[in-house]
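Residue numbers (our numbering), protein chains in the order written: chain A, 12 to 501; chain B, 2 to 204.
Fair warning: there could be bad hints in the mix.
As the list claims (entries may be wrong) - Stretches of chain B that chain A covers, calculated by requiring three or more beta carbons in the stretch to come under 8 angstroms of a beta carbon on chain A:
#1 26-35
#2 52-62
#3 119-125
#4 188-195
As the list claims (entries may be wrong) - Computed beta-carbon distance windows for the label pairs:
#5 A:Glu210 to B:Arg116: 46 to 56 angstroms
#6 A:Gly155 to B:Gly55: 55 to 65 angstroms
#7 A:Leu318 to B:Arg153: 53 to 63 angstroms
#8 B:Arg78 to A:Glu181: 50 to 60 angstroms
#9 B:Arg116 to A:Pro308: 53 to 63 angstroms
#10 B:Ser84 to A:Arg194: 23 to 33 angstroms
#11 A:Gly270 to B:Asp66: 44 to 54 angstroms
#12 A:Phe178 to B:Pro26: 52 to 62 angstroms
Rather than coming from a laboratory, the hints here were simulated on the basis of the structure.
Every residue, glycine too, gets a C-beta built ideally from N, C-alpha and C.
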Amino acid sequence: MRLPAGTSGRAGGTVFSLLLPVIVATAEKTATREGARKQMGEAESWATTQQEHRVDRRAFFDDAVLDREFKQVFAESWQLLGFASELPEAGDYVVRRMGNDSVIVARDERHDVRVLLNSCSHRGTQLCRATFGNAAHFRCSYHGWTYSNDGGLVGVPGLRTHYPGNFNKEYFNLPSARVTNYRDFIFATWSQRAPALEEYLGDFRWYLDAMLDLAGGEWEVYGPPQRSVMTGNWKIVTDNFSGDGYHMQTTHQAAFDQGIYGETLAGGTLGRDELDLIAVNIGTREGHTVRAGYVVPKGRRTLDRDLSEPAYIGYPREVWPQFTSFQTEEQVRFNSHCEVVHGMVFPNAAFLSVSHDRVIGRESDPLTKYVVWRVHTPLDARHTECTYWTLVPRMMSEEWKRRSYGFQARSQSAGGILFEMDDFENFARIDGGIRGVIGHAAHTDFTLGLGLGEAATDFPGPASAEYITLSEHNQRAFYRRWSELMESGS
Amino acid sequence: MNETATLRAAAVPATITGPPPELLPFPDRGPRRPELDAPLSQFMIEEAAALDEGRYQDWLGWLADEFIYQVPVPLLREDPALSRHSDGAVLFEATKKVLELKLGRVGLRHAWSDRPGGVMRHFVSGTRVFGLDQPGSLRADSNVLATFNRGREESALATAARQDIVRADGTDGTDGTARYRLVRRRVLLDIEVPTHAQLSIIF
């Protein structure tokens, strides 16, 4: 794409060349493995292939690009702000970031969830400095303008005596975002043009439902979320979650060597012990992604499981039949034998579900799953605030929930010294490596697996699903949508 | 681990009975025991020095088998009288085994965030000792300022209230440094939203 004048320094040049005039939306080429490389080579030159699947590196450190993202990507998208169960009582509120605005997410007196700009309509003063609490009203600390927790301006000191007679209080109601509570997930957008959330989620919705229905659909957030600040652009960590299986063998080699994922997943991922991890990569036209991994005997290319006894790795065997009864047949085919699933909701929410056992627990601890949802909020182009929520099925015992949460905290939380730290390390190393004149003259490549995936026609879920364990299929879906929005209005 | 430390480790029961300590509430302070401030302060200084100097086997030797390390989620609330940290949610948690794995990473060539290695430094002060209901167990509360440095681009400083549960390990050490085992450590960070560099510190 071409950046408008003044957006960045490279006037007129092709900047975000992840425009895909041929390979749009779900039409990414799939082929048999045997012929794929040859076909690609014959069809087009490397220069053409690469130019269509790369991102200008200034997108990963330039605040001018980030300003454009705030306006054209974040403000036009639905963003995950948290979970309705974080706000059980009327008046409960949390303060979150939505793009580069601070917002109050509040449950009002009618029990509706509201998303209000955290800024007094008078001078713009932040109304809430605390991160969470309970309040029927938000009173500005500067001149005392007071808002009800549905955003209405209800009190102006001296209104009758010191303001013009035609003063319109409603004019100053707090800006209120569109909010949708989808199965406890609170999404909000400032955009009036954005489609309804269900449409925005598109084909991803099937996968979200499948992941939630697995345990009967009733989940709860374990405790207030973890938050931390990492070095590196928000897209680096988000594209990692979208589908980067390629980094596992290198970034997390130490974690595998130390056995923190147990034998099966480590063996499958590293191709040890007659095992392979086979992943299905799903990228939707809306930019959302799922990568589901199944451990199979070495050499197998598609899923071929015994579904007469569906298995839910990381949950106690006693609940497996019950889990099966909660789901449709297609959902069982997606969830059964799944070792790991991760992905993202465009633009900046991500999720991961995986299991640990006694290596990070205690000797008697069984393999236990955790599900973590995250939001990656840019603080500036080079620093990102990560918020982590661990979700646990309501039906599980308190002991199970605590163990699941503890395993997330020990490996994948902001302080996860055995796993997460090596990701943070690499994100910071990217930040350290791309900002120079020469460093950013190169592009970031997304051709891994291009044209090599096999269409997963037998896979139960919708969207463009491919059997290919190592691919940037999902990252391409993410940057394709990002590129569309960055181009719009230019 | 030297011979004395090995003998001391043997005095600690190897099997854990009862529920995992992370399921139990952190013990409240009992009566003040000022006569123990000096020996516990000395123990804390030696323990921190082992971490700072990379003598990890010495440090791990001072942890009880059921040791649990927790960094509760900091909470920024409107009312200053309310707790500033969650009693259930943690930014990080580790068993002794997790800490062994972490400290063992310095010997792994592919543990990227530990290579090149960083330098941790602890400044521990104000240790005050309190009795607990459990005989032989004590609570020692300290202030900790810790720094972590790794090249020009990674430099962190963090302050915390540190709360330790210790128990006498059953031996009569003559130097006053290793008569205790750490059973539990809770780190109450002063910063609400720490960086990953701050969280990489073992307080």
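The hints, checked one at a time:
1. As drawn, the region 26-35 of chain B meets chain A at 0 residues by the rule of a beta-carbon pair under 8 angstroms; below three, the given contact is violated.
2. As drawn, the region 52-62 of chain B meets chain A at 0 residues by the rule of a beta-carbon pair under 8 angstroms; below three, the given contact is violated.
3. For a cut-off of 8 angstroms, the count of residues in the region 119-125 of chain B with a CB near a CB of chain A stands at 0, and the three-residue condition is violated.
4. Given a C-beta distance limit of less than 8 angstroms, the hint that chain A covers the region 188-195 of chain B holds, as 3 residues qualify and 3 suffice.
5. Between Glu210 (chain A) and Arg116 (chain B) the beta carbon distance is about 47 angstroms. The supplied range of 46 to 56 angstroms therefore holds.
6. Checked against the given bound of 55 to 65 angstroms, the beta carbons of Gly155 (chain A) and Gly55 (chain B), roughly 57 angstroms apart, stay inside it.
7. At roughly 55 angstroms, the beta-carbon separation of Leu318 (chain A) and Arg153 (chain B) lies within the given 53 to 63 angstroms, and the hint holds.
8. Between Arg78 (chain B) and Glu181 (chain A) the CB atoms are about 31 angstroms apart, so this pair departs from the stated range of 50 to 60 angstroms.
9. Checking the proposed 53 to 63 angstroms range against Arg116 (chain B) and Pro308 (chain A) shows it is violated: the Cβ atoms sit about 35 angstroms from each other.
10. Range check, Ser84 (chain B) to Arg194 (chain A): Cβ separation about 31 angstroms, and the 23 to 33 angstroms hint holds.
11. At roughly 19 angstroms, the beta carbons of Gly270 (chain A) and Asp66 (chain B) sit outside the given window of 44 to 54 angstroms.
12. For Phe178 (chain A) paired with Pro26 (chain B), a C-beta distance near 53 angstroms keeps the hint of 52 to 62 angstroms intact.
Consistency note: the structure conflicts with the earlier hints numbered 1, 2, 3, 8, 9, 11.
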